[in-house]
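Enquirer: The primary structure of each chain is shown beneath.
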Amino acid sequence: IAGITQAPTSQILAAGRRMTLRCTQDMRHNAMYWYRQDLGLGLRLIHYSNTAGTTGKGEVPDGYSVSRANTDDFPLTLASAVPSQTSVYFCASSLSAAYAGELFFGEGSRLTVL
Amino acid sequence: GENVEQHPSTLSVQEGDSAVIKCTYSDSASNYFPWYKQELGKRPQLIIDIRSNVGEKKDQRIAVTLNKTAKHFSLHITETQPEDSAVYFCAASADDKIIFGKGTRLHILP
Chain S
1 IAGITQAPTS QILAAGRRMT LRCTQDMRHN AMYWYRQDLG LGLRLIHYSN
51 TAGTTGKGEV PDGYSVSRAN TDDFPLTLAS AVPSQTSVYF CASSLSAAYA
101 GELFFGEGSR LTVL
Chain F
1 GENVEQHPST LSVQEGDSAV IKCTYSDSAS NYFPWYKQEL GKRPQLIIDI
51 RSNVGEKKDQ RIAVTLNKTA KHFSLHITET QPEDSAVYFC AASADDKIIF
101 GKGTRLHILP
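Chains as they are written, first to last, in the numbering used here: chain S, 1 to 114; chain F, 1 to 110.
A couple of the hints might just be wrong.
Claimed, not checked - Quick list of in silico lysine-lysine cross-link-like pairs, DSS-like style, CA-CA up to 30 Å:
hint	chain 1	residue 1	chain 2	residue 2
1	F	Lys102	F	Lys42
2	S	Lys57	F	Lys68
3	S	Lys57	F	Lys22
4	S	Lys57	F	Lys102
5	S	Lys57	F	Lys58
6	F	Lys71	S	Lys57
7	F	Lys58	F	Lys68
Everything labelled a hint here was simulated from the structure, so no lab data went into it.
So that you can see chain F by itself, here it is in the shape it has in the complex (with noise of 0.2 Å):
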């Protein structure tokens, strides 16, 4: 079945610099990788995803890559602000199920 590694597990970056998080996945049958943020005692939501047939995908200040040969993807997130403080996820979806990364928590300092 699908295997999903992310890393770092940890991230601090000073407010205002970019933070990059990256994710391999196992199964070459992957199609859909999406990522989710969580913020303490809340529910996961999805901020981006992106699909096989697409490299790159950009929504303001978040952008994700996909390169569908190494079987990676990342998270770039730009200029950060403080509440982009939260536990981000990565996932990829094949055969019916949409298997999780560990989570990446990231803290943006002052």
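Okay, chain S solo, but in the shape it has when bound (with noise of 0.2 Å):
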């Protein structure tokens, strides 16, 4: 692994399924955080979290979850997928969450529920 991966790089998901977008980095960064992309809407904050055991809500936090049991992994959970959920989803990771600096984000997992 190199860098930040995300998995799956597609899937379609019938509504109300639940479904986990997996995010792993080997940077050892301390920050790592989640968009979704939509088309006119820009890259829109789901959650983050500063370091390992802690997360927050972004701008769009309803009806996703997340965790970070340790500082690679940052996995996203849809418990009850709905038809707006269907997006592009990002997971970024960065150094320091204290002084900010360059995000590195994965290569996108593109969702559809039906």
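Taking the hints as your guide, dock the two standalone chains into a single complex.
Expert: Following this line, the structure appears as structure tokens:
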């Protein structure tokens, strides 16, 4: 693994199903983020984590949950998917949240909820 | 919370001309302002950033200016080239969050 990796790359999901998007980084970055990207709406922050064991809500957290059990992994879970959650999801990491710096993005996960 | 407004949403410029994208932010505590470029089908990548203790920063053909009093910052691209065609996002950082504008699609016309 080099950098930040997301899985799956693409997924079609029936409404009401549970889905977890995986994100792993090997850069030992403290801060990690989940964004969703929708046409015309830019990148909207869903949840973030400053360090292992802590998480926070972003701009659009409803319907999503995250956990940060260790430094490397930051999974995003949709407990009961709805069509409005159809989007491209980007995971990102940075060295430190306290001293903001460059975000390194994963390749994105395209999720379609039918 | 922080709110970032970005204009214009679409910008077309002739190759060789300059392009300017403007952003405003709402939280006076924001202290870090990055710009990201996203090519079609790819992930966003940082092209330049500026911190609140600096008014201007330049890197070859791109520059960013910051006006803390007015709470706005701008991206300037000079001598535009075809490879500058992309979507550009501004962002502002406060309270451990990095909030993005809605993006500007830049078209470089031949």
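Enquirer: State for each hint whether it applies.
Expert: Structure-based check of all given hints:
At most 30 Å may separate the alpha-carbon atoms for a hinted pair to count; F:Lys102 and F:Lys42 meet this at roughly 17 Å. Among the hinted pairs, S:Lys57 with F:Lys68 is consistent with the structure: their alpha-carbon atoms are about 26 Å apart, no more than 30 Å. For the hint pairing S:Lys57 with F:Lys22, the CA-to-CA distance comes to about 27 Å; that is within 30 Å, so the pair holds. About 19 Å separates the Cα atoms of S:Lys57 and F:Lys102, which keeps this hinted pair within 30 Å; it holds.
Taken as a hint, the S:Lys57 and F:Lys58 pair is broken in the structure, with Cα atoms around 34 Å apart against an allowance of 30 Å. With a CA separation close to 24 Å, the supplied pair F:Lys71 and S:Lys57 stays within the 30 Å bound. The straight-line distance between the Cα atoms of F:Lys58 and F:Lys68 is roughly 18 Å, inside the 30 Å bound, and the hint therefore holds.
Of the numbered hints given earlier, the model fails hint 5 alone.
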